[in-house]
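Start from the sequences, fold in the hints, and give me the full structure.
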Amino acid sequence: MKITRRHLLVLMPAAAVAWKFVLAGTPEASPNYQLTEHWWAMLMDLTKCIGCGSCVRACAQENDVPDGYYRTWVERYHVTDWKIERPQVESPDGAKQGFPANELSDGKNFFVPKLCNHCADSPCTQVCPVGATFISPDGVVLVDKNYCLGCRYCVQACPYGCRFINPKTMTAEKCTLCYHRITKGLTTACCEACPTGTRQLADLKNPKDPIHEFLKTHSVQILKPHMATGAKVFYNGMDGSVR
Amino acid sequence: MFKDIEHLIRLAVVMLIALIVFIVVRAHVVPRSFGQYGHYRGAALGEIASRPVALAGHEACETCHSDVADLKKQGKHVVVACEACHGAAANHADDPGSIKPAKLDTAILCARCHEANSAKPRGFPQVVTADHANGVACDTCHQPHRPKIDLQPETKGTKK
Numbered sequence: 001m002k003i004t005r006r007h008l009l010v011l012m013p014a015a016a017v018a019w020k021f022v023l024a025g026t027p028e029a030s031p032n033y034q035l036t037e038h039w040w041a042m043l044m045d046l047t048k049c050i051g052c053g054s055c056v057r058a059c060a061q062e063n064d065v066p067d068g069y070y071r072t073w074v075e076r077y078h079v080t081d082w083k084i085e086r087p088q089v090e091s092p093d094g095a096k097q098g099f100p101a102n103e104l105s106d107g108k109n110f111f112v113p114k115l116c117n118h119c120a121d122s123p124c125t126q127v128c129p130v131g132a133t134f135i136s137p138d139g140v141v142l143v144d145k146n147y148c149l150g151c152r153y154c155v156q157a158c159p160y161g162c163r164f165i166n167p168k169t170m171t172a173e174k175c176t177l178c179y180h181r182i183t184k185g186l187t188t189a190c191c192e193a194c195p196t197g198t199r200q201l202a203d204l205k206n207p208k209d210p211i212h213e214f215l216k217t218h219s220v221q222i223l224k225p226h227m228a229t230g231a232k233v234f235y236n237g238m239d240g241s242v243r
Numbered sequence: 244m245f246k247d248i249e250h251l252i253r254l255a256v257v258m259l260i261a262l263i264v265f266i267v268v269r270a271h272v273v274p275r276s277f278g279q280y281g282h283y284r285g286a287a288l289g290e291i292a293s294r295p296v297a298l299a300g301h302e303a304c305e306t307c308h309s310d311v312a313d314l315k316k317q318g319k320h321v322v323v324a325c326e327a328c329h330g331a332a333a334n335h336a337d338d339p340g341s342i343k344p345a346k347l348d349t350a351i352l353c354a355r356c357h358e359a360n361s362a363k364p365r366g367f368p369q370v371v372t373a374d375h376a377n378g379v380a381c382d383t384c385h386q387p388h389r390p391k392i393d394l395q396p397e398t399k400g401t402k403k
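Protein sequences, first through last, are from chains A and B.
Take the first sequence: its letter number 139 is residue 139 in our numbering, and every next letter is one higher.
Take the second sequence: its letter number 116 is residue 359 in our numbering, and every next letter is one higher.
These are computed hints drawn from the structure, not numbers from a lab.
All figures in this text were calculated on a predicted structure; none of them were measured in a lab.
Careful, some of the hints might be misleading.
[What the hints assert, rightly or not] What follows is a list of derived Cβ distance ranges for each label pair:
| # | chain 1 | residue 1 | chain 2 | residue 2 | range |
| --- | --- | --- | --- | --- | --- |
| 1 | A | ALA15 | B | VAL321 | 50 to 60 Å |
| 2 | A | ALA16 | B | VAL257 | 43 to 53 Å |
| 3 | B | CYS307 | A | ALA16 | 42 to 52 Å |
| 4 | A | VAL89 | B | PRO274 | 40 to 50 Å |
| 5 | A | ASP64 | B | ASP348 | 16 to 26 Å |
| 6 | A | MET170 | B | GLY318 | 39 to 49 Å |
| 7 | B | PRO368 | A | ALA16 | 49 to 59 Å |
In this text, a Cβ means the ideal position worked out from N, Cα and C, and glycines have one as well.
Structure representation (structure tokens):
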């Protein structure tokens, strides 16, 4: 058959529709979820964090995180004027039981919750020798535990210290941004349990998400911007001493 | 043209067989969904997404406990989700009859948020529990779902 200009004009849009269908996948467990329609991030409003550790407990319950390991944790910073470049940072048991009453009265004190930054250009996924860790089409950094060798390259590569080797499975483990929840339309466990609204799950591809208005009207920062990781956890009201 | 072309043919045959073996083995070893979305197993997304949830979410709680939801709306704790204090309760939501969430100890729970700490934001209500309560349980005076103490008691529901 000879393909004429008319044929091509008809075929092109059809091919475009078909290609969009090929690109848009859905994870089997959530049939109504379109991978290409989301780009997940998180907003962390440090002006609200009270260091209660509800996020850490909720995360551990939701994801069976082994004791002594944390997919999210809360740090308390103690910064004094005369040693501003060397802040004291502590996080007893990842703040799972909150923080003990603070006897510190001098300097500046504040809490910083941390978790995987779900970087758009993540160093951890680039070093995996077998393709066991990856950035999903909706912007979540995940580990395929059935494919992971446990070689620990990714644990070393993460500049934020967000990965660990699960002592039972001996495979890399990290925050999944509660992928099993967000694909069902729920928020993450940590955002659900946060009593002050410090943590807010955000979908950057959803034009109705309040994150857009927040980012427009606030000066937010990411952790370690000089590393060009494309981190997607946005911190509002963050002190310059935070590492 | 070539004097010993037989050698080259033999070599070509060996290489062809090696290539076929490689292709066949690769087809068996590489998971089917590998490369579906990128250099990883596409099926992993579905496996990770199929994990059961542990926190039901406050919307699920409120379908049954609407009385508590209404009470919470009268006070500042309206922004605190149920499972922030009560813990993961998806199993209770699935089977409300037999699985009950554990009773809570207000002495520990209230203090986690409200114990005075210089790292907490200034406007957040904080107390030094030892001075404030002197060992008396928090819920003796405060109703946890609506913690503000009314000056005139028994006005529940009428006061805003």
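Hints numbered earlier in the text: which of these fail when held up against the supplied structure? none
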